Amino acid sequence: MASPTSLVKRLLLGRPFRSDRLSHAVLPKRVALPVFASDAMSSVAYAPEQIFLALSIAGAGAYVYSGWIGLFISLVMIAVVASYRQNVNAYPSGGGDYEVATVNHGPAFGLVVASALLVDYVLTVAVSISAAAANIGSAWNLVDEHKVAFSLIAIALLAAVNLRGIRESGVAFAVPTYAFIFGVAAMIVYGLFRVFVLGDELRAESADYGLIAEEPDLAGATLVFLLLRTFASGCAALTGVEAIANGVPSFKPPKGKNAATTLLLMGGIAVTMFMGLVALARITQVKMAENPADLTGTPDGFIQKTLLAQLADTVFDHFPIGFVYVTAVTGLILVLAANTAFNGFPVLGSILAQDRYLPRQLHTRGDRLAFSNGIVMLALAAMVLVAIYDADEHKLIQLYIVGVFVSFVMSQSGMIRHWNRLLRTERDTKARHRMRRSQAINAFGLLMTATVLVIVIITKFTHGAWLSIVFMVMFYLLMRAIRKHYDKVSHELVPPDERPPLPSRNHVVVVVSKLHLPTLRALSYAQATRPDSIVALTVNVDDAETRALQAEWDRRRIPVPLSVVESPYREITRPIIDHIKSLRKASPRDVVTVFIPEYVVGRWWEHLLHNQSALRIKSRLLFEPGVMVTSVPWQLVSSENRDPDRFDDRMTPHR
Numbered sequence: 019m020a021s022p023t024s025l026v027k028r029l030l031l032g033r034p035f036r037s038d039r040l041s042h043a044v045l046p047k048r049v050a051l052p053v054f055a056s057d058a059m060s061s062v063a064y065a066p067e068q069i070f071l072a073l074s075i076a077g078a079g080a081y082v083y084s085g086w087i088g089l090f091i092s093l094v095m096i097a098v099v100a101s102y103r104q105n106v107n108a109y110p111s112g113g114g115d116y117e118v119a120t121v122n123h124g125p126a127f128g129l130v131v132a133s134a135l136l137v138d139y140v141l142t143v144a145v146s147i148s149a150a151a152a153n154i155g156s157a158w159n160l161v162d163e164h165k166v167a168f169s170l171i172a173i174a175l176l177a178a179v180n181l182r183g184i185r186e187s188g189v190a191f192a193v194p195t196y197a198f199i200f201g202v203a204a205m206i207v208y209g210l211f212r213v214f215v216l217g218d219e220l221r222a223e224s225a226d227y228g229l230i231a232e233e234p235d236l237a238g239a240t241l242v243f244l245l246l247r248t249f250a251s252g253c254a255a256l257t258g259v260e261a262i263a264n265g266v267p268s269f270k271p272p273k274g275k276n277a278a279t280t281l282l283l284m285g286g287i288a289v290t291m292f293m294g295l296v297a298l299a300r301i302t303q304v305k306m307a308e309n310p311a312d313l314t315g316t317p318d319g320f321i322q323k324t325l326l327a328q329l330a331d332t333v334f335d336h337f338p339i340g341f342v343y344v345t346a347v348t349g350l351i352l353v354l355a356a357n358t359a360f361n362g363f364p365v366l367g368s369i370l371a372q373d374r375y376l377p378r379q380l381h382t383r384g385d386r387l388a389f390s391n392g393i394v395m396l397a398l399a400a401m402v403l404v405a406i407y408d409a410d411e412h413k414l415i416q417l418y419i420v421g422v423f424v425s426f427v428m429s430q431s432g433m434i435r436h437w438n439r440l441l442r443t444e445r446d447t448k449a450r451h452r453m454r455r456s457q458a459i460n461a462f463g464l465l466m467t468a469t470v471l472v473i474v475i476i477t478k479f480t481h482g483a484w485l486s487i488v489f490m491v492m493f494y495l496l497m498r499a500i501r502k503h504y505d506k507v508s509h510e511l512v513p514p515d516e517r518p519p520l521p522s523r524n525h526v527v528v529v530v531s532k533l534h535l536p537t538l539r540a541l542s543y544a545q546a547t548r549p550d551s552i553v554a555l556t557v558n559v560d561d562a563e564t565r566a567l568q569a570e571w572d573r574r575r576i577p578v579p580l581s582v583v584e585s586p587y588r589e590i591t592r593p594i595i596d597h598i599k600s601l602r603k604a605s606p607r608d609v610v611t612v613f614i615p616e617y618v619v620g621r622w623w624e625h626l627l628h629n630q631s632a633l634r635i636k637s638r639l640l641f642e643p644g645v646m647v648t649s650v651p652w653q654l655v656s657s658e659n660r661d662p663d664r665f666d667d668r669m670t671p672h673r
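Numbered as in my numbering, the sequence shown ends at 673 without a single skipped number.
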């Protein structure tokens, strides 16, 4: 009968998959789009809002720049999408930016990219979930009042869905993602139709509010700095592009071509929705403030809605179901957008573990063929961030996008070197023309992303970007330390060219506490190994018990000598260790094998009552060179219910 833990695991995750089903866990483009591109598409739910929030520092008059900033961001997005289409075709193995940087710049640069991406994936989850809580809270006050609890539960549920396996999560996320695309597109089209065809005057609920400018007279360099900061904040719309490059192995063949097509679809949809929302916000005269207190003329109990919620409320003012639908699917897609990180982080972690930069456990697939350890690690890290920042997406987003643009820059510069290397040996004119064209695309992408990275660091460093850089440095140093450890261990374990000398003799020590069935089994097994010498060892902590043990030993005529070591301070572990050390010191070339009888119990609380001395002895002996430790199990009745295939042939004790 399965244990309660196993039953719960099967209920939540489903039955395990055989390894040969891994080839079936791949995605067609229609499912891969919502799985890997949901982050990039859903960023339009908060990226336009970040533009208006940043411009509000200079007052509502600064909103006139929002359209131009949106156009520049769209240009960068087009450049990045076009560049990554070259990446996925050239490197379809799933290493993404990490592989490109490692192959073309070296392992150190690859680690820089990996550190940036790991931080970015964690922030993707935290920002997306917190933004989801804000959007849903715009319609339901209960969520707004418990944003942290909502976010933590959402992350836990998202992790559970991903633990079931990639195909299941892909199907689960496809419908909500397409529902979001339909809802936002319908809102933009209907809103523009009402304005330009029906001639309706659409005014957001905040259009009549006053906005107190923190810096009302910005001009010159200060205005330029504000516009650059606004541009940097709006570039959050570019996050998620790199996830497709890391998830190429999950696509159906031809993997590179399908990933490139998905990238194109994602870029087109995201740019269209992003610019549509910016245009609609300007038309409806939405006002947003980083501090809602800067808005004047607000009613009592005012809570600032998100930009998307205000637009939905305005466009569907005579159709409340439309507002509810857009708000609901926006919140849902923001929750599911974190799934991009839940697909990218474990895959990248697996590759890093295979390269010995992260613990090997991250390279292991779980029962459902997902990288379970990576999924759990990502969920826990995101939960910590959400709790620390109270699920405030405006604070979290200041830490955002630094990592992703670091990876963009390293990736595009690596691709330029990649094409240079191929051009040195390629002689076919058509092939060289294609390579030159791809190189030009990557060069333009490098120019755009490097410019954005410099702007982001300059304008957002003091607002939280410095913390992201600190985390990246910590990840980098940690992964270098892990690789150093694995390399050191591997070096120690390399067998020498000459055959190592065999030990001269094998001395066996059987640890004895009482003369019972487990002890007799250990003695019989130890004798069966035919050692050069054998002795039973007990520690005298009670004279009466020791004398009784000696008398019973003699009465049973056990042909193994019983050695008693004194323990004036009633310790058990230290006298045994000291005795073993003395044997090793007397004969350094000999091996000492220690047999320890242990109980096998079936209940968790029984572990607390048995085997504690044996555990301490084993733990100490593991550090002694030339000492082998053998556990001799004795199954108690309580253990029999744990294994239905048990056998009851207990070893006959020696008489």
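The hints are simulated quantities; they were obtained by calculation from the structure and are not laboratory data.
Treat the hints with care, as some may be off.
With a cut-off of at most 20 angstroms between alpha-carbon atoms, the simulated EDC-like pairs for lysine to aspartate or glutamate come out as follows [as the list claims (entries may be wrong)]:
1) K506 <-> D373
2) K413 <-> E584
3) K413 <-> D312
From a predicted model like this one, the values you see are computed outputs, not experimental measurements.
Here is how each hint holds up against the structure:
1. K506 <-> D373: At roughly 14 angstroms apart (the allowed maximum being 20 angstroms), D373 and K506 satisfy the hint.
2. K413 <-> E584: Violated, at roughly 65 angstroms.
3. K413 <-> D312: holds (18 angstroms)
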